[in-house]
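Residue numbers (the UniProt record's numbering), protein chains in the order written: chain A, 1 to 291; chain B, 1 to 294.
Don't read these hints as lab results, they were simulated from the structure. Honestly, I wouldn't trust all of these hints.
To be verified - DSS-like mimics (lysine-lysine), calculated; alpha carbons at most 25 Å apart, straight line:
no., chain 1, residue 1, chain 2, residue 2
1, A, Lys63, A, Lys117
2, A, Lys264, A, Lys117
3, A, Lys117, A, Lys260
4, B, Lys181, B, Lys52
5, B, Lys181, A, Lys11
6, B, Lys249, A, Lys11
7, B, Lys184, B, Lys25
8, A, Lys241, A, Lys272
9, B, Lys163, A, Lys286
Said to hold, decoys possible - Computed footprint of chain B on chain A, listed as stretches where at least three residues anywhere in the stretch have a Cβ under 8 Å from a Cβ of chain B:
no., stretch
10, 71-85
11, 254-266
Just so it is clear, CB atoms sit at the ideal spot from N, CA and C, and this is done for glycine as well.
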Amino acid sequence: MASVVLSEPEKIYILHGVQEDLRVDGRGCEDYRCAEVETDVVSNTSGSARVKLGHTDILVGVKAEMGTPKLEKPDEGYLEFFVDCSANATLEFEARGGEELGSELGNTLYRVFSSDKSIDLKSLCINPRENCWILYVDVLLLECGGNLFDAISLAVKAALFNTRIPKVRVLEDEEGSKEIEMSDDPYDCIRLNVEDVPCIVTLNKIGYRHVVDATLEEEACSLAGLLVSVTSKGALTSVRKVGKGSLDPESIFEMMETGKRVGKALHAALQKILDEEESLGSSRQKVGFLG
Amino acid sequence: MAAISMRLPEFRKPVVPSVSRGEEKHLVLPGDTITTDTGYMRGHGTYVEDEKLIASVAGIVERVNKLVCVRPMNTRYNGEVGDIVVGRITEVQQKRWKVETNARLDSVLLLSSINLPGGELRRRSAEDELAMRDYLQEGDLISAEVQSIFSDGAVSLHTRSLKYGKLGQGVLVEVSPSLVKRQKTHFHDLPCGASIILGTNGFIWIYPTPEQKDGDAGGFTTSTEPVPLSDREVISRLRNCVVALVAQKLMLFDTSILYCYEASLPHQIKDILQPEVMEKIVLETRQRLLDLEG
Chain A
1 MASVVLSEPE
11 KIYILHGVQE
21 DLRVDGRGCE
31 DYRCAEVETD
41 VVSNTSGSAR
51 VKLGHTDILV
61 GVKAEMGTPK
71 LEKPDEGYLE
81 FFVDCSANAT
91 LEFEARGGEE
101 LGSELGNTLY
111 RVFSSDKSID
121 LKSLCINPRE
131 NCWILYVDVL
141 LLECGGNLFD
151 AISLAVKAAL
161 FNTRIPKVRV
171 LEDEEGSKEI
181 EMSDDPYDCI
191 RLNVEDVPCI
201 VTLNKIGYRH
211 VVDATLEEEA
221 CSLAGLLVSV
231 TSKGALTSVR
241 KVGKGSLDPE
251 SIFEMMETGK
261 RVGKALHAAL
271 QKILDEEESL
281 GSSRQKVGFL
291 G
Chain B
1 MAAISMRLPE
11 FRKPVVPSVS
21 RGEEKHLVLP
31 GDTITTDTGY
41 MRGHGTYVED
51 EKLIASVAGI
61 VERVNKLVCV
71 RPMNTRYNGE
81 VGDIVVGRIT
91 EVQQKRWKVE
101 TNARLDSVLL
111 LSSINLPGGE
121 LRRRSAEDEL
131 AMRDYLQEGD
141 LISAEVQSIF
151 SDGAVSLHTR
161 SLKYGKLGQG
171 VLVEVSPSLV
181 KRQKTHFHDL
191 PCGASIILGT
201 NGFIWIYPTP
211 EQKDGDAGGF
221 TTSTEPVPLS
231 DREVISRLRN
241 CVVALVAQKL
251 MLFDTSILYC
261 YEASLPHQIK
271 DILQPEVMEK
281 IVLETRQRLL
291 DLEG
């Protein structure tokens with residue numbers, strides 16, 4: 001993970017600030033930085049989204065391709081995640097420096113989406129045992145400013161919300177061979193139901209309290225943290241401890257409760273902005289990367 | 001209880017150029033022709049193509065007799081003797097420390113250029129060399145003055161005055177060096193209740209005003225007492241104001257920071273970083289600064 005070096009007095013200042021619920025930039029322990037969300041930024045994907053959370057910039061593209069289903073789940077499609085830490089994000093990602101972090105982020109995403117109820121995978125099936133939709137979710141880290149997991153999960157949810165999979169029909173011949181026909185209309189597509197897609201909330205323990213959405217400086221002061229993935233209804237899909245320090249069981253319980261609370265608010269805010277963007281329709285001016 | 005605000009992105013509005021006093025500045029972008037007169041010597045930031053002098057960086061054209069060069073706006077810190085800088089120790093080497101000052105090369109702080117605790121004046125011995133890490137470690141922040149510049153451009157610092165030395169509790173904001181106005185003094189005790197050091201290298205240090213001036217401490221002892229909440233609020237507000245001024249590309253000096261602080265008082269500290277609020281308070285600051293001049 002990208003890190004900054006801080007002096008001891010700076011760390012002490014941050015620590016005492018967190019105990020009094022006033023962080024360096026004036027936020028409380030449960031406040032997020034101002035986030036910017038935009039979908040449909042990459043034209044040759046089935047769905048894309050860009051999320052800017054303070055100095056953290058994430059771009060996600062989803063491509064839907066036809067393939068064969070997995071052997072153990074023949075009537076479902078599936079998702080494949082890949083996280084690329086761009087060398088531009090921070091100095092540590094030069095050359096192959098970002099590979100380890102990329103694979104860690106990818107594994108976390110697999111774990112978070114491991115529940116059957118996150119996405120309706122049965123709707124991605126075309127022909128059982130033969131054809132299904134595989135959603136390749138590619139995440140690109142453009143800038144690293146702390147709190148990568150949260151920003152990535154928000155971007156993934158927004159990109160899945162934006163994904164449009166073309167409608168296909170299966171035609172059967174007299175001989176029994178099946179043909180797949182895609183509709184000619186480019187706007188004839190199916191959308192995914194992202195109501196139960198979880199979002200990750202990272203809680204970093206600093207001193208005796210925990211903070212949400214830590215900046216790089218705050219991450220340098222925290223020795224342990226908890227990664228919680230929450231759905232919009234408040235159900236947890238995965239919990240993971242990060243960092244080399246230790247957490248005692250009571251604080252784990254408190255952090256999980258905070259994670260659930262903050263997670264529900266996060267989902268509400270994201271859904272609101274996605275609906276707002278959708279309602280603007282084609283009249284929305286796309287800002288993209290040159291704004 | 002959790003405050004989460006999300007928004008759709010907006011196009012960046014072009015920053016309104018302030019009313020220029022004196023000559024018009026000749027701004028160029030990479031690729032712009034500066035002059036077609038072949039009598040000029042090309043300096044930094046320019047190159048010759050097809051008998052035209054073309055700029056290679058975005059900045060202001062400077063002419064000294066026959067020498068034309070372009071001074072870039074967004075650049076690393078270029079040290080000059082007498083500048084006050086705030087730096088972070090990156091390495092501890094034999095008889096010197098390497099300091100990160102946002103310059104092209106790491107700056108150097110020689111063991112002979114610091115004040116020993118207790119204010120002793122003596123030759124540095126081998127024991128001093130071994131005890132270097134007790135004075136300054138990797139990650140420590142210091143305020144120093146530029147003593148000289150090596151031939152390769154690396155800057156040599158010194159802390160041979162009681163006002164320089166290791167910095168204690170506070171907040172560091174890193175900005176572009178061209179946004180810090182060169183003034184008579186860079187140490188300010190703002191009337192709002194905090195102190196600020198405007199390093200010419202773009203490192204701004206905001207810290208609580210010390211109660212009494214510890215004369216003989218030599219700047220190496222740092223207090224670990226918790227800073228009171230009222231001071232914290234002032235420091236956080238100042239930090240957000242500095243970030244707002246930098247986002248709107250306003251020069252940083254004590255008056256502009258103070259006016260921005262006063263303009264931000266009606267808003268909550270965490271709201272200052274929202275784009276609309278930022279624009280509003282910087283506009284007010286700009287207005288007050290123009291009234292001050294006019």
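Taking the hints in turn, this is what the structure says about them:
no.: 1; hint: Lys63/A with Lys117/A; verdict: 21 Å, holds
no.: 2; hint: Lys264/A with Lys117/A; verdict: 17 Å, holds
no.: 3; hint: Lys117/A with Lys260/A; verdict: 18 Å, holds
no.: 4; hint: Lys181/B with Lys52/B; verdict: 33 Å, violated
no.: 5; hint: Lys181/B with Lys11/A; verdict: 29 Å, violated
no.: 6; hint: Lys249/B with Lys11/A; verdict: 29 Å, violated
no.: 7; hint: Lys184/B with Lys25/B; verdict: 24 Å, holds
no.: 8; hint: Lys241/A with Lys272/A; verdict: 30 Å, violated
no.: 9; hint: Lys163/B with Lys286/A; verdict: 52 Å, violated
no.: 10; hint: 71-85; verdict: violated (count 0)
no.: 11; hint: 254-266; verdict: holds (count 4)
Hints 4, 5, 6, 8, 9, 10 from the earlier list are contradicted by this structure; the remaining hints agree with it.
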